[in-house]
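Quick mapping for you: the protein sequence lines, in order, are chains A and B. In this text, residue positions in the first sequence follow the working numbering: the first is 1, and each later residue adds one. In this text, residue positions in the second sequence follow the working numbering: the first is 1, and each later residue adds one.
In short, the hints are calculated from the structure, not lab data. Among the hints, a few may not be true.
Copies of the same chain look alike in the list, so a pair counts if it works inside one copy or between any two.
As the list claims (entries may be wrong) - Restricting the straight-line Cα-Cα distance to at most 25 Å, the calculated cross-link-like pairs of lysine-lysine (DSS-like) are:
#: 1; residue 1: Lys-314; residue 2: Lys-385
#: 2; residue 1: Lys-314; residue 2: Lys-378
#: 3; residue 1: Lys-385; residue 2: Lys-49
#: 4; residue 1: Lys-49; residue 2: Lys-158
#: 5; residue 1: Lys-158; residue 2: Lys-7
#: 6; residue 1: Lys-385; residue 2: Lys-4
#: 7; residue 1: Lys-292; residue 2: Lys-57
#: 8; residue 1: Lys-348; residue 2: Lys-392
#: 9; residue 1: Lys-348; residue 2: Lys-92
#: 10; residue 1: Lys-158; residue 2: Lys-4
#: 11; residue 1: Lys-92; residue 2: Lys-22
#: 12; residue 1: Lys-192; residue 2: Lys-363
#: 13; residue 1: Lys-192; residue 2: Lys-4
#: 14; residue 1: Lys-57; residue 2: Lys-22
#: 15; residue 1: Lys-378; residue 2: Lys-4
#: 16; residue 1: Lys-378; residue 2: Lys-92
#: 17; residue 1: Lys-92; residue 2: Lys-57
There are 2 protein chains.
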Amino acid sequence: MALKFAKRVADIQSSEVRELLKLTEQPDFISFAGGLPAPELFPVDEIKKVNEVLLEKDGQAALQYSTTEGFEPLREWIANRMNQRLQTNFNKDNILITSGSQQAIDLTGKIFLDEGDIVFCESPTYLAALNAFRAYGCEFVEVATDEQGMMMEDLEAKIEQYPHAKLIYVIPEFQNPTGLSWGLERRQQLAKLSAEHQIPVLEDNPYGELRFEGEAFPSIRHFDQAGTVICTGTFSKIFCPGYRIGWLAADEEILQRYTIMKQGTDLHSNTKAQREIATYLELYDIDTHIHKILELYRQRRDTMLRKLTEVFPKEVQFTRPEGGLFVWVTLPEQLDVTPILQDCLAEKIAFVSGETFYPNSKKRNTFRLNFSNMPEDKIELGLEKMGRVLQKYLEN
Amino acid sequence: MALKFAKRVADIQSSEVRELLKLTEQPDFISFAGGLPAPELFPVDEIKKVNEVLLEKDGQAALQYSTTEGFEPLREWIANRMNQRLQTNFNKDNILITSGSQQAIDLTGKIFLDEGDIVFCESPTYLAALNAFRAYGCEFVEVATDEQGMMMEDLEAKIEQYPHAKLIYVIPEFQNPTGLSWGLERRQQLAKLSAEHQIPVLEDNPYGELRFEGEAFPSIRHFDQAGTVICTGTFSKIFCPGYRIGWLAADEEILQRYTIMKQGTDLHSNTKAQREIATYLELYDIDTHIHKILELYRQRRDTMLRKLTEVFPKEVQFTRPEGGLFVWVTLPEQLDVTPILQDCLAEKIAFVSGETFYPNSKKRNTFRLNFSNMPEDKIELGLEKMGRVLQKYLEN
Numbered sequence: 001m002a003l004k005f006a007k008r009v010a011d012i013q014s015s016e017v018r019e020l021l022k023l024t025e026q027p028d029f030i031s032f033a034g035g036l037p038a039p040e041l042f043p044v045d046e047i048k049k050v051n052e053v054l055l056e057k058d059g060q061a062a063l064q065y066s067t068t069e070g071f072e073p074l075r076e077w078i079a080n081r082m083n084q085r086l087q088t089n090f091n092k093d094n095i096l097i098t099s100g101s102q103q104a105i106d107l108t109g110k111i112f113l114d115e116g117d118i119v120f121c122e123s124p125t126y127l128a129a130l131n132a133f134r135a136y137g138c139e140f141v142e143v144a145t146d147e148q149g150m151m152m153e154d155l156e157a158k159i160e161q162y163p164h165a166k167l168i169y170v171i172p173e174f175q176n177p178t179g180l181s182w183g184l185e186r187r188q189q190l191a192k193l194s195a196e197h198q199i200p201v202l203e204d205n206p207y208g209e210l211r212f213e214g215e216a217f218p219s220i221r222h223f224d225q226a227g228t229v230i231c232t233g234t235f236s237k238i239f240c241p242g243y244r245i246g247w248l249a250a251d252e253e254i255l256q257r258y259t260i261m262k263q264g265t266d267l268h269s270n271t272k273a274q275r276e277i278a279t280y281l282e283l284y285d286i287d288t289h290i291h292k293i294l295e296l297y298r299q300r301r302d303t304m305l306r307k308l309t310e311v312f313p314k315e316v317q318f319t320r321p322e323g324g325l326f327v328w329v330t331l332p333e334q335l336d337v338t339p340i341l342q343d344c345l346a347e348k349i350a351f352v353s354g355e356t357f358y359p360n361s362k363k364r365n366t367f368r369l370n371f372s373n374m375p376e377d378k379i380e381l382g383l384e385k386m387g388r389v390l391q392k393y394l395e396n
Numbered sequence: 001m002a003l004k005f006a007k008r009v010a011d012i013q014s015s016e017v018r019e020l021l022k023l024t025e026q027p028d029f030i031s032f033a034g035g036l037p038a039p040e041l042f043p044v045d046e047i048k049k050v051n052e053v054l055l056e057k058d059g060q061a062a063l064q065y066s067t068t069e070g071f072e073p074l075r076e077w078i079a080n081r082m083n084q085r086l087q088t089n090f091n092k093d094n095i096l097i098t099s100g101s102q103q104a105i106d107l108t109g110k111i112f113l114d115e116g117d118i119v120f121c122e123s124p125t126y127l128a129a130l131n132a133f134r135a136y137g138c139e140f141v142e143v144a145t146d147e148q149g150m151m152m153e154d155l156e157a158k159i160e161q162y163p164h165a166k167l168i169y170v171i172p173e174f175q176n177p178t179g180l181s182w183g184l185e186r187r188q189q190l191a192k193l194s195a196e197h198q199i200p201v202l203e204d205n206p207y208g209e210l211r212f213e214g215e216a217f218p219s220i221r222h223f224d225q226a227g228t229v230i231c232t233g234t235f236s237k238i239f240c241p242g243y244r245i246g247w248l249a250a251d252e253e254i255l256q257r258y259t260i261m262k263q264g265t266d267l268h269s270n271t272k273a274q275r276e277i278a279t280y281l282e283l284y285d286i287d288t289h290i291h292k293i294l295e296l297y298r299q300r301r302d303t304m305l306r307k308l309t310e311v312f313p314k315e316v317q318f319t320r321p322e323g324g325l326f327v328w329v330t331l332p333e334q335l336d337v338t339p340i341l342q343d344c345l346a347e348k349i350a351f352v353s354g355e356t357f358y359p360n361s362k363k364r365n366t367f368r369l370n371f372s373n374m375p376e377d378k379i380e381l382g383l384e385k386m387g388r389v390l391q392k393y394l395e396n
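Use the sequences and the hints to build the structure in full.
If you want it as structure tokens, here you go:
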């Protein structure tokens with residue numbers, strides 16, 4: 001093959017998670033790997049009704065090309081929802097519908113990043129965001145992160161070191177991969193630093209609605225006086241991910257750039273999917289649906305945390321998230337997760353090793369567990385088997 | 001606003017067509033502007049049935065995350081269809097489902113183009129492809145084009161001038177905007193030149209199924225011995241564009257790069273849309289549906305060509321396409337289409353002026369007319385009014 005690809009092709013690897021997902025399609029696999037919602041809660045019957053109503057009433061419009069910005073009633077619902085839940089101040093003209101929030105991340109790279117630009121991120125952070133940004137030739141600077149979020153002294157030091165940094169990427173609610181949420185003060189401070197240094201923040205929030213307990217703080221955007229905080233959200237975790245419907249929320253002047261860039265990328269997101277979701281929101285109470293999700297995921301998280309305490313060796317630490325989809329496990333420093341994952345895969349148990357979540361530092365003693373997609377008996381069985389594998393490595 | 005955007009933001013303009021489309025949403029507008037299918041032919045009742053069957057049988061899977069590559073039965077159908085219609089030799093592993101063929105074009109830019117790279121294209125060519133490629137910082141070299149397609153002597157001269165060119169972009173069937181199709185010899189020659197110089201060809205074919213009359217030639221890919229021709233196609237023109245489901249077809253080694261790049265871009269295309277289309281293809285005969293589209297568009301094209309002959313001034317030339325969606329009009333060279341378009345918009349008639357279809361040469365005396373989206377009486381009325389406007393400009 002003598003074809004010359006773009007430089008970025010060499011920089012991007014296939015996501016380990018998506019490759020693992022293919023493996024775990026085998027029916028008897030116990031998978032803690034993906035970030036998949038529980039499909040048994042998808043409102044299939046309601047969606048049948050939604051399709052009848054939508055196709056009867058607006059069939060032609062639902063199947064036709066539509067505007068890049070997205071379906072207006074849906075954008076209006078999103079703005080209202082964000083204002084209620086995140087204490088923001090958006091209206092429909094601040095919302096662009098995207099093909100999942102993954103596209104919102106990609107478009108953010110596309111409108112902000114030139115080759116060699118610096119992106120600040122939490123350490124660890126969402127690996128598919130790293131791949132999306134990497135396509136635009138950026139470099140990552142990891143900011144030290146603790147259980148309150150990104151550490152602001154370290155961010156300030158790094159802004160001083162890299163004053164021309166172009167973007168700060170954060171997931172302040174039930175972060176992927178750690179499951180932890182930012183404290184109030186860090187949110188305020190980040191909005192302030194972003195404004196002072198005119199470095200935009202992408203506040204990625206796919207899991208914020210999935211809070212089982214504890215206090216919800218306002219979003220970072222709530223503290224934004226300068227319009228430098230850009231938000232993204234998605235229906236993937238509160239409705240169904242197969243629709244690939246997410247959104248961006250930003251000041252109009254910024255959003256317009258996103259819209260123009262999206263035109264060239266895919267014209268617009270699926271018209272029918274947008275209208276199905278809007279029709280669902282008209283006909284049904286999504287909070288009742290989300291309540292069911294919360295109940296089930298809470299039970300699964302409880303089972304996971306209880307079992308982790310029971311069967312994992314005492315030297316192993318793990319987070320105790322108040323919501324979301326993930327628990328983050330830290331092994332004693334001398335252990336390397338790679339052979340442990342291999343042994344677990346041999347026993348048909350999958351999880352994601354932590355190193356891909358660090359763009360640079362590549363810590364080898366962490367991994368991520370998903371609790372939303374497996375029934376409780378499989379969570380118990382899988383963790384028992386994993387506990388035995390870990391015990392073996394700790395004894396060596 | 002002190003935020004620093006990427007350089008590409010300054011290079012990309014909002015598509016004139018999509019801005020016009022917003023204007024023409026006014027109900028009494030006669031629009032020849034978009035490339036919209038006739039919505040009255042969308043198989044709405046069949047899609048109701050499709051949703052019942054699909055949600056009953058595979059509801060959970062249809063609403064869940066799925067593989068980046070796409071739904072296997074749909075990829076298999078596409079490979080078979082291409083092999084039948086285009087005399088290619090693909091199997092499902094050569095097919096990647098994309099979010100419309102627009103995303104296939106964008107991903108082609110993403111995997112092939114670095115800043116400053118050269119793309120060869122027809123003159124004129126599809127304007128949203130120009131915007132998609134432009135986002136990767138390329139420059140365009142227009143290759144002289146006549147009614148047989150891109151002129152191969154000119155392409156050879158330009159390859160000599162730009163030996164490191166990275167991509168050749170062509171639409172050989174009912175080209176957008178001219179409506180014309182390439183002759184057989186040009187197809188053979190392009191495949192040969194592509195292989196000799198190892199410059200990949202993107203063979204974009206959204207309209208190929210819409211042939212009303214005349215002989216269909218094999219695709220450029222049919223003549224490709226070296227695996228350097230990459231194809232794209234879409235369900236937008238033969239089914240419904242609102243689904244945003246298109247595809248890429250290429251040798252596996254190339255397709256794998258596309259797949260990895262798509263992961264970071266939007267994870268995968270809408271699962272339910274892919275399965276709805278696959279279910280439709282199982283339950284119904286799409287050729288019966290396409291036959292209805294051909295009948296209607298043929299009538300509309302006939303009406304448009306008849307009326308153009310009757311009411312446009314004799315000095316005005318236009319193409320006579322054997323299929324597709326568009327007629328391309330060339331005014332005497334001294335005329336500028338811009339004030340003519342303004343006058344027509346004032347009379348609530350819209351079309352797209354030709355200059356945006358030329359990346360560099362900006363000819364000002366051409367425009368594109370769409371015939372698929374307007375009923376015959378509106379085509380007649382709109383062209384009559386346009387004829388009077390043109391007459392006025394020709395008399396001045």
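* Status of Lys-92 relative to Lys-378 across identical chains (alpha carbons, at most 25 Å) -> Cα proximity of Lys-378 and Lys-92: none, with 43 Å in one copy and 34 Å across.
* Up to 25 Å CA-CA - Lys-4 versus Lys-385, copy category -> neither (47 Å within a copy, 51 Å between copies)
* Tell me, please, which holds for Lys-158 and Lys-7 at an alpha-carbon limit of 25 Å: within, between, both or neither? => Between copies, since 24 Å is at most 25 Å while 27 Å is not.
* Up to 25 Å CA-CA - Lys-22 versus Lys-57, copy category -> between (39 Å within a copy, 22 Å between copies)
* Same-copy or cross-copy closeness of Lys-314 to Lys-378 [CA-CA at most 25 Å] -> Answer is within; shortest intra-copy Cα gap is 22 Å, inter-copy 77 Å.
* **Intra/inter-copy verdict for Lys-385 and Lys-49 if alpha-carbon distance must be at most 25 Å** => neither (43 Å within a copy, 46 Å between copies)
* Asked: Is it within a copy, between copies, both, or neither that the alpha carbon of Lys-378 lies no farther than 25 Å from that of Lys-4?
  -> neither (47 Å within a copy, 49 Å between copies)
* Asked: Between the shortest in-copy and the shortest cross-copy C-alpha distance, which are at most 25 Å for Lys-92 and Lys-57: within, between, both, or neither?
  -> within (23 Å within a copy, 36 Å between copies)
* What label fits Lys-92 with Lys-22 when the C-alpha limit is 25 Å: within, between, both, or neither? -> For Lys-92 and Lys-22, only the inter-copy Cα distance (17 Å) is at most 25 Å; the intra-copy one is 38 Å.
* Please work out whether the CA atoms of Lys-314 and Lys-385 approach to 25 Å or closer within one copy, between two copies, in both situations, or in neither? => For Lys-314 and Lys-385, only the intra-copy Cα distance (16 Å) is at most 25 Å; the inter-copy one is 83 Å.
* At 25 Å max between alpha carbons, let me know whether Lys-192 reaches Lys-4 within a copy, between copies, both or neither. => Answer is between; shortest inter-copy Cα gap is 18 Å, intra-copy 44 Å.
* Lys-158 and Lys-4: within-copy, between-copy, both or neither at 25 Å Cα -> Intra 36 Å, inter 18 Å, cutoff 25 Å: inter-copy only.
Consistency note: the structure conflicts with the earlier hints numbered 3, 4, 6, 9, 12, 15, 16.
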